[in-house]
Amino acid sequence: MSTTELAAGSDKARVTRRGIRLSAAGWLGGAIILVYVLVALTGSLWAPYEAAKILTGAPFEGASLAHPFGTDNLGRDVFSRVVLGTRPVLTMTFAATLLAVVAGGLIGVVLGYLRNWVDEVGMRIVDIVISIPTLVLALLIISAVGNSLWLVVVTVAFLFTPRVARVARAATLNVVTNDYISAALARGESTLSICLREILPNITGIMLVEFAIRSAFAIIFIGSLGFLGFGAPPPTPEWGLMINEARANASNSLWPVLAPAAAMAVLVIGINLFADSLSRLIDRQGQNAATEAK
Amino acid sequence: MSKLVLTRLGMALLSLLAVSAIIFWCVELLPGDAAERILGRNATPESLALLREKLNLNLSAGERYFDWLRSLLSGDFGVSLVADRPVLDYISGRIANTALLSGFALLLYIPISIALGIITAIYRGKFADHAISVIVLIFMCLPEFVIGILLISIFAIKLAWLPPLALIGQANSFGELLRLIALPTITIVAAMSAYAVRMMRESLIEVLESSYVLMARLKGLPTWRVLLFHALPNALGPAINITALNVAWMIGGVVVVESVFEFPGIGRLMVDSISHKDVPVILAISMVMTGAYIATNLIADVLVILLNPKLR
Numbered sequence: 001m002s003t004t005e006l007a008a009g010s011d012k013a014r015v016t017r018r019g020i021r022l023s024a025a026g027w028l029g030g031a032i033i034l035v036y037v038l039v040a041l042t043g044s045l046w047a048p049y050e051a052a053k054i055l056t057g058a059p060f061e062g063a064s065l066a067h068p069f070g071t072d073n074l075g076r077d078v079f080s081r082v083v084l085g086t087r088p089v090l091t092m093t094f095a096a097t098l099l100a101v102v103a104g105g106l107i108g109v110v111l112g113y114l115r116n117w118v119d120e121v122g123m124r125i126v127d128i129v130i131s132i133p134t135l136v137l138a139l140l141i142i143s144a145v146g147n148s149l150w151l152v153v154v155t156v157a158f159l160f161t162p163r164v165a166r167v168a169r170a171a172t173l174n175v176v177t178n179d180y181i182s183a184a185l186a187r188g189e190s191t192l193s194i195c196l197r198e199i200l201p202n203i204t205g206i207m208l209v210e211f212a213i214r215s216a217f218a219i220i221f222i223g224s225l226g227f228l229g230f231g232a233p234p235p236t237p238e239w240g241l242m243i244n245e246a247r248a249n250a251s252n253s254l255w256p257v258l259a260p261a262a263a264m265a266v267l268v269i270g271i272n273l274f275a276d277s278l279s280r281l282i283d284r285q286g287q288n289a290a291t292e293a294k
Numbered sequence: 001m002s003k004l005v006l007t008r009l010g011m012a013l014l015s016l017l018a019v020s021a022i023i024f025w026c027v028e029l030l031p032g033d034a035a036e037r038i039l040g041r042n043a044t045p046e047s048l049a050l051l052r053e054k055l056n057l058n059l060s061a062g063e064r065y066f067d068w069l070r071s072l073l074s075g076d077f078g079v080s081l082v083a084d085r086p087v088l089d090y091i092s093g094r095i096a097n098t099a100l101l102s103g104f105a106l107l108l109y110i111p112i113s114i115a116l117g118i119i120t121a122i123y124r125g126k127f128a129d130h131a132i133s134v135i136v137l138i139f140m141c142l143p144e145f146v147i148g149i150l151l152i153s154i155f156a157i158k159l160a161w162l163p164p165l166a167l168i169g170q171a172n173s174f175g176e177l178l179r180l181i182a183l184p185t186i187t188i189v190a191a192m193s194a195y196a197v198r199m200m201r202e203s204l205i206e207v208l209e210s211s212y213v214l215m216a217r218l219k220g221l222p223t224w225r226v227l228l229f230h231a232l233p234n235a236l237g238p239a240i241n242i243t244a245l246n247v248a249w250m251i252g253g254v255v256v257v258e259s260v261f262e263f264p265g266i267g268r269l270m271v272d273s274i275s276h277k278d279v280p281v282i283l284a285i286s287m288v289m290t291g292a293y294i295a296t297n298l299i300a301d302v303l304v305i306l307l308n309p310k311l312r
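Note that the protein sequences, when read in sequence, are chains P and B. Counting in this note's numbering, the first sequence runs from 1 upward without gaps. Counting in this note's numbering, the second sequence runs from 1 upward without gaps.
Mixed in with the good hints there might be a few duds.
Chain B regions said to be covered by chain P (calculated; three or more residues, Cβ under 8 Å) [what the hints assert, rightly or not]: (1) 118 to 125; (2) 242 to 254.
In silico negatives: residues of chain P with every beta carbon more than 10 Å from chain B [claimed, not checked]: (3) Ser23; (4) Val136; (5) Leu185; (6) Pro233; (7) Ser279.
Partial chain B-side listing against chain P, Cβ under 8 Å, derived [stated by the list, open to error]: (8) Leu13; (9) Ser15; (10) Pro143.
In short, the hints are calculated from the structure, not lab data. Every residue gets a Cβ at the ideal spot worked out from N, C-alpha and C, and that includes glycine.
Using the sequences plus the hints, can you model the full thing?
Below, the structure written as structure tokens:
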């Protein structure tokens, strides 16, 4: 058994012995995320109406038992639309963030490990893409390629990738000086294998936190695009788009505006609480590992 | 040190050049060519050919890019396809409006975030800190268009204190202007301060726990002196970085905020121009915004270098 595997093995044991200890706020955040995921998975089974069904009641009805969040200008049930909106919103967010973290993570790890001219050129490109305001670039790309649900996902992933790559590269620079990397090199492991099997497992924590933080950003970003009319096309019950459609009639009824806004805000707060607590946990583990190493 | 500053300046100019190519290429991908977009459905093959000739569309994309770049350097941004007047003329008024809005926002943002940062740092762990931190967290998690719409619902629709839309062209006195611009300004300030207060708190706490602040306290200096002359200057570096981040955010965020309030600024013009496919205006605004973004980061970099004796 190599030293690397020994280290990794003892690391695993420590985590399981202590269990995952999140703060109370972290648990609350995790619970909020779980509820949204459950709603996204099962919503279509119990939502009272279909998302696009018009005239389920009179337009601009207030809250009642039949319509807990009232109805919008077309008489669509706002509660059903918010509930059914969790699926497209969570899917887009998860897909965009996952793409960005995988692509950005790989780029960052490889660049950080190589540290030669490839790294130099790669980081310059990353700097240049980052120096364009995200929203401006997003509007340009989406107006050029069109705004289907998946093109929005790919665009958001593309915009987040260089930012993730920076974080992954910085994390890699902290890891590559470790002895187990030299050991792996001496064993004759290939570059790819060192990146994937030696570096990646050791920055998983940082990448998890990055994933959580990025997904909160992604929800806001996708919501903003929807709000500007550059997100998923109507009649997708995406929250940003719903807010955009409803705000012209805000003086008639505030429910169609406030319900999706609140749904979005609670989810983002939940993710942030969870991410905050997760990053503290990982910081502490890193410190423990450092003190034990001494 | 001047070498460091010059390197940064060179990098900024290079990025701007690279960005211009990226933006030009994105716009090239817009469906249909400029002639089809201008003439729309009334296009005949002859008129299309004539207009293509006039707009140099027969040249390759590369040639047109360098043409555009050359005229950009001589201050010529082309002619708007929709408004049929020089782009510079068309967007300068909008830029001034956006600058006014951002200026007001910055003016309010700085004292508010410093004051709240100090309060939360001094009373850390106490009620005031918890209360402010919770509010800050909520504002951080709300997208700016949600903050804007909440403000409209409360102050314009329920209470009817302020106008819901910021059509500042209609203002005929300064007081009127302030009323119209109040809600968008508050929206931007709320979104920006949230991050700043959190970061200010962290960096101030670090400074307050340092030995030189303890020394100043032990000398018997009053708290306000310790804060103003010992703690604050040392928290300035991070504060400048946060402000730069915020200004950079604002350059994108302004697009959303202006759309919420139908504020006649450069951000809303960007959205309108994209839906009208007004390419010269889209290019000009993208360049102006990216230029402002890069300049902000450059200024922050230079300020931090100037403030840090180790780099001087």
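Hint by hint, here is what the structure shows:
1. 118 to 125: violated (count 0)
2. 242 to 254: holds (count 4)
3. Ser23: holds (14 Å)
4. Val136: violated (5 Å)
5. Leu185: holds (33 Å)
6. Pro233: holds (14 Å)
7. Ser279: Given that every Cβ of chain B is farther than 10 Å from that of Ser279 (chain P), nearest at about 13 Å, it holds.
8. Leu13: Hint violated; Leu13 (chain B) Cβ to chain P Cβ min 11 Å, cut 8 Å.
9. Ser15: holds (5 Å)
10. Pro143: holds (4 Å)
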